[in-house]
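Engineer: Those protein sequences? They're chains B and G, same order as listed. Residue numbering for the first sequence follows my numbering, starting at 658 and increasing by one per position. Residue numbering for the second sequence follows my numbering, starting at 8 and increasing by one per position.
Because the hints were derived from the structure by calculation, they are not lab data. One or more of the hints may lead you astray.
[Stated by the list, open to error] Some, not all, of what chain G presents toward chain B, calculated at C-beta under 10 Å:
1. Asp-21
2. Thr-24
3. Pro-35
4. Leu-36
5. Val-70
6. Val-139
7. Ala-140
8. Ala-143
9. Gly-144
10. Asp-145
11. Leu-177
12. Leu-193
13. Arg-195
14. Glu-199
15. Ser-212
[Said to hold, decoys possible] Straight line, CA to CA, 16 Å or less: simulated EDC-like cross-link-like pairs of lysine to aspartate or glutamate:
16. B:Lys-1066 to G:Glu-74
17. B:Lys-1066 to B:Asp-1052
18. B:Lys-1066 to G:Asp-155
19. G:Lys-16 to G:Glu-110
20. B:Lys-1066 to G:Asp-75
21. G:Lys-16 to G:Asp-103
[Said to hold, decoys possible] Distance ranges between label pairs, derived from CB positions:
22. G:Arg-9 to B:Thr-904: 53 to 61 Å
23. B:Gly-1072 to G:Arg-202: 35 to 43 Å
24. G:Gly-22 to B:Ala-843: 14 to 22 Å
25. G:Gly-203 to B:Ala-843: 51 to 59 Å
26. B:Gly-847 to G:His-94: 55 to 63 Å
27. G:His-198 to B:Ala-692: 39 to 47 Å
We treat Cβ as the ideally placed atom computed from N, Cα and C, and that holds for glycine.
One letter stands for each residue in the lines below.
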Amino acid sequence: MTSAGIPYEHAVEAWRAAAPAPPRSLDVPAADVLAAHHPDHQAHGTTTLRVGANAGDRCPSVLADLLESASLVDDVDIAGTAVADTDVVVVGGGGAGCAAALTAADQGARVLVLNKLRLGDSNTVMAEGGIQAAVAPEDSLQRHFADTVRAGHLAGSRDLVAAMVHDGPDVIRWLIQLGVTFDTVAGDAGEVLMARGRAGGTTVPRILSCRDHTGLEIMRSLREAVALHPGIVVRDHAPVVELLTDTHGRCTGAVVVDLVSNAVQLVRANAVLLTTGGAGRLYVGSFPSSNHYGATADGLVLAYRAGARLVDVDSFQYHPTGLAWPSALVGQLITEAARGAGALLVNGHGERFVDEVAPRDVVAAAMLREMADGRAVERDGQVGLLLDVPSLVADQPEILTDRLVTLAKLAARAGVDPTAEPLMVRPTLHYQNGGVVIDEHGATGVAGLWCAGEVAGGIHGRNRVMGNALLDILAFGRRAGRAAAHAAGERIRRPVGLHHLQQWQRGLVDAGLPLDRRAPLLFPPESNVTPDDVMARCR
Amino acid sequence: MRIEIDGRKITAADGTTLLGAWLAAGHPLVDHVGCMGQGVCGACRVLVRRAGQDEATTELACVTRAEDGLQAAFLDDTTPHRAHPYHLDPTHDSWDAHGRVTEVFPEAPSCRHCDGCNNACPVDLEVHEGVVAAVAGDLVAAAGRFEDCVMCDLCTTACPEHIAPNHLGLFLRRMTTSLSLRPDDLLRRLHEIERGHMTIDVHASVEERG
Ligand SMILES: Cc1cc2nc3c(=O)[nH]c(=O)nc-3n(C[C@H](O)[C@H](O)[C@H](O)COP(=O)(O)OP(=O)(O)OC[C@H]3O[C@@H](n4cnc5c(N)ncnc54)[C@H](O)[C@@H]3O)c2cc1C
Ligand code: SF4
Ligand code: SF4
């Protein structure tokens, strides 16, 4: 995929001679670079889905293998297993899950949150740069809406984008009420204004932040609020491995594996809410990933098998600045806020090659082009581009202590002095653009099943702007939590079974697909644990 | 280099983290892991003893690098059994913020200044100083000490007075923010939206950029 680049020592000399390098935008149209170099546009490593609601759609093979797989459980596993009842079950306590749980519980629902790892061990806690909301006088909801739709190549649902954008300012108020702090600046008249950074591909600075550990700040408070809420029960190390359905195909609960006691358990609920996050740990296209350990597409697999439709499953976000060296840290994220503040990308010749604040997909594709054409930098077998942090620091001496604190820590771990030496970066698999089709309330096509957060799709189209994921998970987490609590108000006890699996199994057989390939994956490929291993512990 | 994790002898490559070495050696990993490399979730707590060192330290296995002769053991996560419940009520009398600290964390004034929390903290926060400042009523300064806290709960485990320092710190951060942060631009925008003065036209034309 990548041809070797210019040796690091030469590249650093070239960088030093030119720094700060003069602007140079793409020499060809962005659409051409995307077509030639963005992984979404390459047929290699993809396949056509053969079963389920998206049969006929293109999908990366690593994901298709999971979507078109057999269940980890059958009727024998669940026969005679005790059933626990709750109103709302939330699967995955990241940001979306916690927002949904708090909202549902505030409406009076009894909520159970099931976590594969622990509450809050998620992509949310790792988020760095910030969250979008149109609060500035020169900004508007309409402008945020247009920026989001445009960045997504017009592929997102306008109704979903409008719902998310509309909720923006209210989400920020809600976070502040929960004790989440944001950076502020003083206005001309001494008034308190929210500090704002600029996201690539947008028309106005709209990123609200808490330094460059916004996700940590948000997750700490959400987790504590959930843990202290009397209406919410939290269970850690309890991944969901299958959904429960009644004879009408309605989702009525979930099958849980308790990794502490090694037992299969059933939960019956009036509303099931999937907030399992993304799929970065599938390493689509063999890219490194910025994601947490549990990002293995479990929710996509569960919802798809139950009959839900997915959208844009072939579209992923490759964040331009994952670390490319040293090898132990490859894939670790450097926030886009660094480029937003002025950090430049240069190739092995010390030249810039793209507008650093162009949309993420364009910047990533331009970097992959430099790597493919031999203009990248090579160090100890790793290939990447240079991120000119020293010139940024020369220009804004306080930036590493005031704003980019996570970047400074990561540089220290890499053994790089960011005031003197550029960091080596390369695109890293960051975000699942698509996901389960939802409406404005997080409802899926499957009765009884709601989705919110990265597992859901249709909002960001085929490219997401920085800061819109955190807004998305909180806006739709709250919306889905409210809707699920409302539905749970009926308090009807429905039968639980694995009714959806009969038809699913038949579909696999008809399509000639193997029945011994089981999913969800639960733990990533490097975990040394297969889903079958997990189930074997319980038998 | 040779290291030992949970009693298993492992040959680790230069530069790898403890979790990386554990996985590369083929051992299964389903807990004691979360963000996997960023050091922000606090799941991978380990007790570490380096060659030639008498004292053990507590660290995060996803960021600590392997060193020849290093021994490590995973520390199970335990939920603190003395909860300090509170509800951030927006109508609460903020003039009484200092009083609320000891109301919710009654053990805090009994701090015996043993530095157990500081020694336990894997991200080297001045936890003890935060507790002392909180008791003295220096709330904003105290909250600031916990800015980089990853909520690993090691200080809570270490504290002989059951003060739960990190939960105290988070309480202070949350309370001071929720009672005092009122950005003018946000207030204005919410007002506009709630009065129906700012809406979205979903049919407006949006041009794709070239
Ligand atoms: C390093 C990094 C930096 C980022 N920076 C930003 C940023 O600055 N701004 C922004 O807007 N976005 C950012 N993002 C994206 C954003 O953080 C995520 O898209 C978002 O947090 C996802 O939230 P979520 O709640 O949907 O999923 P997560 O937060 O990932 O939560 C999902 C939870 O479900 C659990 N789970 C998974 N499977 C199961 C199962 N089978 N059973 C039970 N539980 C399960 C997971 O372990 C996890 O705890 C960043 C992402 C990363 C990785
Ligand atoms: S203050 Fe306590 S909980 Fe926070 S990082 Fe330090 S030891 Fe962990
Ligand atoms: S461990 Fe507890 S008692 Fe000791 S200094 Fe820290 S807060 Fe005080």
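Engineer: So, for every hint listed, does it hold in this structure?
Structural biologist: Hint by hint, here is what the structure shows:
{"no.": "1", "hint": "Asp-21", "in the structure": "holds (9 Å)"}
{"no.": "2", "hint": "Thr-24", "in the structure": "holds (6 Å)"}
{"no.": "3", "hint": "Pro-35", "in the structure": "holds (5 Å)"}
{"no.": "4", "hint": "Leu-36", "in the structure": "holds (5 Å)"}
{"no.": "5", "hint": "Val-70", "in the structure": "holds (6 Å)"}
{"no.": "6", "hint": "Val-139", "in the structure": "violated (22 Å)"}
{"no.": "7", "hint": "Ala-140", "in the structure": "violated (17 Å)"}
{"no.": "8", "hint": "Ala-143", "in the structure": "violated (21 Å)"}
{"no.": "9", "hint": "Gly-144", "in the structure": "violated (19 Å)"}
{"no.": "10", "hint": "Asp-145", "in the structure": "violated (17 Å)"}
{"no.": "11", "hint": "Leu-177", "in the structure": "holds (6 Å)"}
{"no.": "12", "hint": "Leu-193", "in the structure": "holds (5 Å)"}
{"no.": "13", "hint": "Arg-195", "in the structure": "holds (7 Å)"}
{"no.": "14", "hint": "Glu-199", "in the structure": "holds (9 Å)"}
{"no.": "15", "hint": "Ser-212", "in the structure": "holds (9 Å)"}
{"no.": "16", "hint": "B:Lys-1066 to G:Glu-74", "in the structure": "violated (20 Å)"}
{"no.": "17", "hint": "B:Lys-1066 to B:Asp-1052", "in the structure": "violated (20 Å)"}
{"no.": "18", "hint": "B:Lys-1066 to G:Asp-155", "in the structure": "holds (11 Å)"}
{"no.": "19", "hint": "G:Lys-16 to G:Glu-110", "in the structure": "violated (48 Å)"}
{"no.": "20", "hint": "B:Lys-1066 to G:Asp-75", "in the structure": "violated (24 Å)"}
{"no.": "21", "hint": "G:Lys-16 to G:Asp-103", "in the structure": "violated (55 Å)"}
{"no.": "22", "hint": "G:Arg-9 to B:Thr-904: 53 to 61 Å", "in the structure": "holds (59 Å)"}
{"no.": "23", "hint": "B:Gly-1072 to G:Arg-202: 35 to 43 Å", "in the structure": "violated (55 Å)"}
{"no.": "24", "hint": "G:Gly-22 to B:Ala-843: 14 to 22 Å", "in the structure": "violated (44 Å)"}
{"no.": "25", "hint": "G:Gly-203 to B:Ala-843: 51 to 59 Å", "in the structure": "violated (31 Å)"}
{"no.": "26", "hint": "B:Gly-847 to G:His-94: 55 to 63 Å", "in the structure": "violated (33 Å)"}
{"no.": "27", "hint": "G:His-198 to B:Ala-692: 39 to 47 Å", "in the structure": "holds (45 Å)"}
In terms of the numbered hints stated before, the structure departs from hints 6, 7, 8, 9, 10, 16, 17, 19, 20, 21, 23, 24, 25, 26, listed from lowest to highest.
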